[in-house]
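**Student:** All chains should be modelled from the sequences, with the hints used to inform the complete structure.
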Amino acid sequence: MQKIESLAKRRGFIYPGSDIYGGLANSWDFGPLGVALKNNIRQEWWKWFVESREDVFGIDPAVIMNTKVWESSGHLKEFSDPLVEDKKTNERYRLDHLLEKEGINVSEMSEQDMVEKAQDTNLKSPKGNELAQPKQFNLMFKTNLGPIENDDSTVYLRPEIAQAMFVNFKNVFTTMRARLPFGIAACGKAFRNEITPGNYIYRTREFDLMEFEYFVQEKEWEKHFKYWLGQMHKWLEHCGINKKNLENYETPSSKLAHYSKRTVDIQYNFPFGTKELYGLAYRTDFDLRNHMEHSGEDLNYTDPNTNEKIVPHVIEPSFGLERTLLCVLLDVYAEDEQRIVIKFPRWMAPIKVAVFPLLQNDKKLVKHAREIFESILPCYVAQYDESGAIGRRYRRHDEIGTPLCITIDHDTLKDKSVTLRDRDSMKQIRVKIDDLLDTLGMYFDGKEFKKLVS
Numbered sequence: 005m006q007k008i009e010s011l012a013k014r015r016g017f018i019y020p021g022s023d024i025y026g027g028l029a030n031s032w033d034f035g036p037l038g039v040a041l042k043n044n045i046r047q048e049w050w051k052w053f054v055e056s057r058e059d060v061f062g063i064d065p066a067v068i069m070n071t072k073v074w075e076s077s078g079h080l081k082e083f084s085d086p087l088v089e090d091k092k093t094n095e096r097y098r099l100d101h102l103l104e105k106e107g108i109n110v111s112e113m114s115e116q117d118m119v120e121k122a123q124d125t126n127l128k129s130p131k132g133n134e135l136a137q138p139k140q141f142n143l144m145f146k147t148n149l150g151p152i153e154n155d156d157s158t159v160y161l162r163p164e165i166a167q168a169m170f171v172n173f174k175n176v177f178t179t180m181r182a183r184l185p186f187g188i189a190a191c192g193k194a195f196r197n198e199i200t201p202g203n204y205i206y207r208t209r210e211f212d213l214m215e216f217e218y219f220v221q222e223k224e225w226e227k228h229f230k231y232w233l234g235q236m237h238k239w240l241e242h243c244g245i246n247k248k249n250l251e252n253y254e255t256p257s258s259k260l261a262h263y264s265k266r267t268v269d270i271q272y273n274f275p276f277g278t279k280e281l282y283g284l285a286y287r288t289d290f291d292l293r294n295h296m297e298h299s300g301e302d303l304n305y306t307d308p309n310t311n312e313k314i315v316p317h318v319i320e321p322s323f324g325l326e327r328t329l330l331c332v333l334l335d336v337y338a339e340d341e342q343r344i345v346i347k348f349p350r351w352m353a354p355i356k357v358a359v360f361p362l363l364q365n366d367k368k369l370v371k372h373a374r375e376i377f378e379s380i381l382p383c384y385v386a387q388y389d390e391s392g393a394i395g396r397r398y399r400r401h402d403e404i405g406t407p408l409c410i411t412i413d414h415d416t417l418k419d420k421s422v423t424l425r426d427r428d429s430m431k432q433i434r435v436k437i438d439d440l441l442d443t444l445g446m447y448f449d450g451k452e453f454k455k456l457v458s
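The number in the numbering used here is simply the position in the sequence shown, starting from 1, with 4 added.
The hints are simulated quantities; they were obtained by calculation from the structure and are not laboratory data.
Keep in mind that the hints are not guaranteed to be accurate.
[As the list claims (entries may be wrong)] Between beta-carbon pairs, the in silico distance windows are:
1. Glu-82 - Pro-151: 29 to 37 Å
2. Glu-222 - Ile-344: 46 to 54 Å
3. Glu-341 - His-414: 27 to 35 Å
4. Gly-78 - Pro-256: 14 to 22 Å
5. Lys-230 - Lys-259: 17 to 25 Å
6. Glu-341 - Lys-420: 34 to 42 Å
7. Asn-203 - Asp-156: 36 to 44 Å
8. Tyr-25 - Thr-147: 17 to 25 Å
9. Gly-107 - Ser-257: 21 to 29 Å
10. Leu-417 - Ser-10: 39 to 47 Å
11. Ser-258 - Asn-203: 18 to 26 Å
12. Lys-259 - Pro-151: 39 to 47 Å
13. Tyr-25 - Asp-419: 54 to 62 Å
14. Ile-433 - Asn-175: 49 to 57 Å
For glycine and all other residues, C-beta sits at the position ideal for the given N, C-alpha and C.
**Tutor:** Now the structure itself:
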């Protein structure tokens, strides 16, 4: 983790938030390469799960919703964590996290079990002080809408983006003439006032979610649940995440969220422990029924073949963007005696191509290199680099995961060819300038580097 954090800051992936003012607890800013990496993952996810399918429709919902939404969904009452307070310092901690630090497995425990275990073991705060009785702590950020601050103006930053998809269920299936089964997808920020954030970007108070609600008939939910679990694993493989670091965890009934009948977490073996990466939940018809009851709006779906009215059930695959990015960095980071290299999948790399003149002070080489760079730029995210020795430039781009480097040398002036160097194998080939864009196209379509010359 220390190596990843150091490289991420040094190379412009992730910076500490509010850094010049001493930072802010668990706040992180994504730098030029980090935001490019996030965008690439998000766009590929959208392509996989929305654009390449005819049964999933995307929306971009508002962050702030009517407070009645959160009342109806149960979040105002249920969206909480058990909290304990240090009687001397008044610092607050999550009870389950304190028990885990004592080596106690809480994965199968209910909240009441955890309270009793804390009493039996005379659990203390990390500073050795006595703890107050556990209380429920709501995780939603509260604010006020408009110029007057009172109870009527209270609103919340969304802790999830699912509710916007339920609220828009009727709009989507009506305007898009959708038929079951179908999904509604969205990506965006969510906010949770976590009691104990930590472990770098794994648990933060603001984060990006990518998820969809897939509406099905009740009798078919198990079939769709199995299908989407498989699709989530295929996506992880596409991201370059090693399946040996993954496992499915069946959430026990005592730990299920208030809306869920079944939840499987895809867990990842992080350096700080095996933790949740993604979640797949069977939410039954809980959300649509509650919104129908509280809003008075008819959210039934009429089967076009039988004219039967039903309230669809829901399968929810949920993907954390920052957690995806962290797992990718951990799995594609490599080092040996020669170099540090980030082996991003080609589609994911923030910089696709780097262009070098062999010598910085050779005007002819620089001119040709700039011309080639400018011809590539409309098609691929590229970077021009003439600083330092050529070997140092290769190492610099290995560290940020650039798949392909192009060098313009003195032979280029004679044979109108350039040298392509592959990040992973470090092998090099010569390619005619006239064939360069076609060659890049084949490379980024997945053709093996060694086969580009055949």
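**Student:** For every hint, state whether the structure bears it out.
**Tutor:** Do the hints match the structure? See the list:
Distance hint check for Glu-82 and Pro-151: the Cβ-Cβ separation is about 31 Å, which falls inside the suggested range of 29 to 37 Å. The given range of 46 to 54 Å is respected by Glu-222 and Ile-344, whose C-beta atoms sit roughly 52 Å from each other. The hint said 27 to 35 Å for the Cβ distance between Glu-341 and His-414, and at roughly 30 Å that hint holds. The beta-carbon spacing between Gly-78 and Pro-256, approximately 20 Å, falls within the hinted interval of 14 to 22 Å.
Separation of Lys-230 from Lys-259 is about 21 Å and conforms to the stated range, judged on CB atoms against 17 to 25 Å. Checking the proposed 34 to 42 Å range against Glu-341 and Lys-420 shows it holds: the Cβ atoms sit about 36 Å from each other. At roughly 39 Å, the beta carbons of Asn-203 and Asp-156 sit within the given window of 36 to 44 Å. The beta-carbon spacing between Tyr-25 and Thr-147, approximately 22 Å, falls within the hinted interval of 17 to 25 Å.
For Gly-107 and Ser-257, the hinted distance range of 21 to 29 Å is satisfied, since their beta carbons lie about 25 Å from each other. One distance hint, 39 to 47 Å for the beta-carbon pair Leu-417 and Ser-10, holds here, with the actual separation near 40 Å. Checked against the hint of 18 to 26 Å, the pair Ser-258 and Asn-203 passes, with Cβ atoms roughly 25 Å apart. Judged by the Cβ atoms, the range 39 to 47 Å given for Lys-259 and Pro-151 holds: they are separated by roughly 42 Å.
Under the hint 54 to 62 Å, the C-beta atoms of Tyr-25 and Asp-419, about 55 Å apart, fit the expected range. Checking the proposed 49 to 57 Å range against Ile-433 and Asn-175 shows it holds: the Cβ atoms sit about 53 Å from each other.
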